[in-house]
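Given only the sequences and the hints, what does the whole structure look like? Please build it.
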Amino acid sequence: MPAARGDGMRGLAVFISDIRNCKSKEAEIKRINKELANIRSKFKGDKTLDGYQKKKYVCKLLFIFLLGHDIDFGHMEAVNLLSSNKYTEKQIGYLFISVLVNTNSDLIRLIIQSIKNDLTARNPVHVNLALQCIANIGSREMAEAFSTDIPRLLVSGETIDVVKQSAALCLLRLFRIHPDIIPSGEWTNPDHSNSRIIHLLNDQHMGVVTAASSLIEALVKRSPDEYKGCVSLAVSRLSRIVTSSYTDLQDYTYYFVPAPWLSVKLLRLLQNYPPPDDPGVRGRLNECLETILNKAQEPPKSKKVQHSNAKNAVLFEAISLIIHSDSEPNLLVRACNQLGQFLTHRETNLRYLALESMCLLATSEFSHEAVKKHQETVINALKTERDVSVRQRAVDLLYAMCDRSNAEEIVQEMLNYLETADYSIREEMVLKVAILAEKYATDYSWYVDVILNLIRMAGDHVSEEVWYRVIQIVVNREDVQGYAAKTVFEALQAPACHENMVKVGGYILGEFGNLIAGDPRSAPIVQFNLLHSKYHLCSVATRALLLSTYIKFVNLFPEIKGQIQEVFKQDSNIRSSDAELQQRASEYLKLSIVASTDVLATVLEEMPPFPERESSILAILKKKKPGRTVEPIDPNKDTSQASTSSTTERHHHAEPTAHQNGQTDLLVDVLGDMYSSQSQSGAGLMNNAVGHQNNLGGGTAPVDNLSKLSWKNNGILYENDILQIGVKAEYRLNLGRMTLFYGNKSDFSLNGFNPTVAALGDLATRLTVQVKPVESTIVAGAQVQQTINIECLEDFKEYPSLVVTFLYNNTQQKLNLKLPVTINKFFEATDMNGETFFSRWKNLGGPQQETQSIFKAAHPMDSNANGAKLSGFGMQLLKGIDPNPDNFVCAAILHTRNQQIGCLLRLEPNRQAGMYRMTVRASKDTVSKQMCDLLAEHF
Amino acid sequence: MIGGLFIYNHKGEVLISRVYRDDIGRNAVDAFRVNVIHARQQVRSPVTNIARTSFFHVKRANIWVAAVTKQNVNAAMVFEFLLKIIDCMQSYFGKISEENVKNNFVLIYELLDEILDFGYPQNTDSGVLKTFITQQGVKSQTKEEQAQITSQVTGQIGWRREGIKYRRNELFLDVLEFCNLLMSPQGQVLSAHVAGKVVMKSFLSGMPECKFGINDKIVMDSKAGKGLNTDEQVRTSGKPVVVIDDCQFHQCVKLSKFETEHSISFIPPDGEFELMKYRTTKDISLPFRVIPLVREVGRTRMEVKVVLKSNFKPSLLGQKIECKIPTPLNTSGVQLICMKGKAKYKASENAIVWKIKRMAGMKETQLSAEIELLETDTKKKWTRPPISLNFEVPFAPSGFKVRYLKVFESKLNYSDHEVIKWVRYIGRSGLYETRC
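Residue numbers (the numbering used here), protein chains in the order written: chain A, 89 to 1027; chain B, 3 to 438.
No lab work stands behind these hints, which were simulated from the structure alone. Everything hinted at is true.
In silico contact screen, one side only, chain B against chain A (beta carbon under 7 Å); selected entries:
hint, residue
1, N64
2, S334
3, A349
In silico DSS-like cross-links for lysine-lysine, where the CA-CA straight-line distance does not exceed 25 Å:
hint, chain 1, residue 1, chain 2, residue 2
4, B, K357, A, K122
5, A, K118, B, K348
6, A, K174, A, K130
7, A, K118, B, K357
8, B, K259, B, K403
9, B, K307, B, K326
10, B, K348, A, K113
11, A, K122, B, K307
12, A, K118, B, K382
13, A, K118, B, K322
14, B, K307, A, K132
15, B, K348, A, K144
Not close to chain A: a few residues of chain B, all C-beta gaps over 10 Å, as computed:
hint, residue
16, P48
17, S56
18, N105
19, K132
20, I135
21, L175
22, V191
23, T367
All C-beta atoms, glycine included, are put in the ideal place defined by N, C-alpha and C.
Quick look at the structure:
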């Protein structure tokens, strides 16, 4: 600061030292009061103060203000100082104003005028002071007042370099606060200042270029197209710097590195654009990047840390640019090799940065292979690195560089590391291992091994989703089921195993225990005892799952039914304090006693394959670390490997849709809803038995399961991205109670939610429907219930209507649906022997009473499935009546309020022709017709 | 149940730290410094709660004395105790200052050990303490002296030792009153009360029993009741009575006698002590009246005129009169004219200070000031703080009178007449303010 000698303000120094010498706060306040009174009298006094005095008092006021006291005068004097010709006086004036003047002060107009004067002043120092003040205040008024002056200064030929530099930075500051201050579009005219701004990159003065490059980058971020011209300029500027020797740029060489800050800024600027189209420019840029890479190989010119820091800063920015453009395989590989050298560098920061950049490199198809070369080093880093954040990066990189060829090795290494890994990164590592194992599994038994290992080693960090997923995969892939059963059985034999392991074991043995039952070492009773030995150590949720497993065992191994019933009967289960356990125990017990083997077989059938969808694990990983997760490269993109596994492929196709689904995935995930849907008490026996299948209709396209629900009481009626409507119903004679579950899957709450249920027209005389109102708002992710009471007065054809209206994201939505209420819901299954059946069949022999239809099979002619459908329909399957065992004969009574109608049915499949003949006889003609219509579409 | 006691200097450095109970940790010392002494906003409440710990502090000059506790103690007791400690220290080494505390820290620790036991206050009477906590070297005491100390510390009359002998039996009685007032600009009394105390200095031989009589209304009424008529007599006798709102006695006063006979009788400690404290609110004769006249002339000028009237017997003289007239915060200059005394604008206090050395009763004087103001950009109006007055007058504004003080000493041979008695009345200003 060119403060003239003898200009030091003695009064100020004395005042400050007085304040510092004060013994107490009170003394300080007294001294300040005295000084303020003195300044007031001076300002008020008749004697006009000269510049020096004004400066001194304004300085004192500033000091008092900085001590925390309010200053409410002196502004005028400060503004007066602005018009002084002396640098120091002007400077103090500007300082006071930028610190003390609030933006809506009356004085602002005066200040603006003074600044205007200074901006046009001939003395560049004054112009700079004015620019600094504008930037410091940075208010809207300032921005408006100088929106033309500053750009003019910036591009004018007469302005000297120092001023240009300040003007660029000042403009940048105003632009950041009020982006509209530099209008876009208007300046696209080539001779306008806009293009001249980018030509500042060509300026002789490096300071101007540095300041301008910051400004240009901010502008480019807003409207890249308008400033496209800067690319070639930046490239040529960069090449001039890079090729220059460190002696060329005297003042701008920092520890032998030519203009490191400017280089970094230019490289960053270039990262806003794709690689240049013009081959010349492109070649030049590549040359620069190569030179930077070459320079990194040169021996350091200095041992100072500043030298290497500056050099590496430029290098890393260059590598970022190379990764960003992702077009030059040669450069990418070189960059990768360069980073590889850093991987073993002494400097921890360098290792960290190298790993981070390599993560990005691994995603490029050109350098992926090159990155893989460093696998050993990275794994080594994982093992030996002391800094946890670096280890974290190493895990990220391993995850990113993984593909089919090295998956097994990497997964193994990660598993090994997991045992000693820090707790902070364990959960993430578990997810990553699970994803990699699934994604690159060629052999699913390997996958099962990996996941079980995972649960064994880091059970606490294995989230629910991971074991859901392994079950999904095992259920869907027949070839691993046996192996999985065997492996979990072995894993469970460990004296202490994690609860998640028990869950997986319970589920898998329950489904596929029969596959290993042949081996006497894993005989049914052994399996059961093994599982039950863990039972008492588990949480309620796991116990509930194990109870389901036991009932499945009853079906799979009838020989151990006795032991299982004993378990159900235990006080700790059937009288458990937990309602869920109690309900399950008592219902399963009853089921195992009452139901015949056939019923058991139907109810406890093996789980159907799950619909394919994105692994929920990936969604979690994404949620956990938004923006930082690098997806492993898609193997489909990898041309060298013909994709083999159809599962993986499908999996990838499903990905785009699964993104929006990510959050609500849990709602419909494998077992996610199992407990919640089952714990609704009052659900019938059937509900629980098919409980596994509840709510499994996934997918994002709207689902409308109306016809399916005619032979099921529970399930999903409708589902789209926003809303899921589940149904649970119970019927008894002519009465029914249906519960609708409205689940909000979106991220917003649904307002004005209003479902209306009505039996319209003729139906109103045949069916009464009573509805309880629901809350009008469903918050995101919540579920509300609605109970509907139904009474059948007479037989009917139509479905009651369900109209749902709500506001989603402020748009009105309306859904027209039908309630799955059909006459067969009011059936009561009737058992009878052959004799009675035939006598009734003959009784209903009238031509009106019989309806017959012959139709083509729409589904595979599976006799078991058909049996299940018919009994789900509410009729009693009568076995051994019809001489042909393929044929089905059923009987039921339809209950209405006014009458009871007997219904008899005969279904004769013709396998050769793929046809069915269905004959229905009912005591009322409309009923038989309706039944025929309803049933025909399901076979 | 005080948990600990700390003394800090103005910078917050700990000079004395004594912890009496385990529930007070070392960090309590820092907590008080950080939250009270170094607080951004000045802490005005004398009680501060920090993390379930209560800090009670008083400040003397630049010294902070803080008592700490985690229990729910009687705050009044703690403050009484703190003031006692300060009195006690003052009687040992004079003014409380950082230097004095530093120079006497051994003594202070000794005192603290003696007057607080496990946080419970003990005998704080400096006269007694001085008998066994001395600033001189310990000279070997005789058996009798030792026995005396024991009996005194444990005995019934803990405040006076036996065997005191004076050639001249003498006693001094000071009635010291602080007069507090808040008056509206129109001269209406908004609130007024007098806090007074009777300080006695006795140089009497043996174990004398004293009887003290004042013109308390209740006592006078009961006296009059014994005679013929009630109030009539008092009024006709022309003797004014004082209505005491509440009073408090030194521990030597026999309270049972006061309750039954309304007589104050006691065996006085040797030397100086505070015999009683009292408060009155009725029939206060205000010694001075301030009549302010403030006129704002435009935005840059203000005229202030203050008239001061003395309102007591012309034969008496008021002393050390000091009137403080606040000025606005944007005062840039003040011109003053006063008829009596000296007046000065003190910028450091933002006030005009008008000092008058002496002033007789039933007089009037005035001061006029022209204040120049600087225009500021804040629209805030000046709050006009009240004008305050300090003074000292040789009478008791409450009307308190000592009627008699009789000394009986049965064992030794001196009678009441031989005791030389001195009585003095001093009326001082407390917070004596007039709004303007």
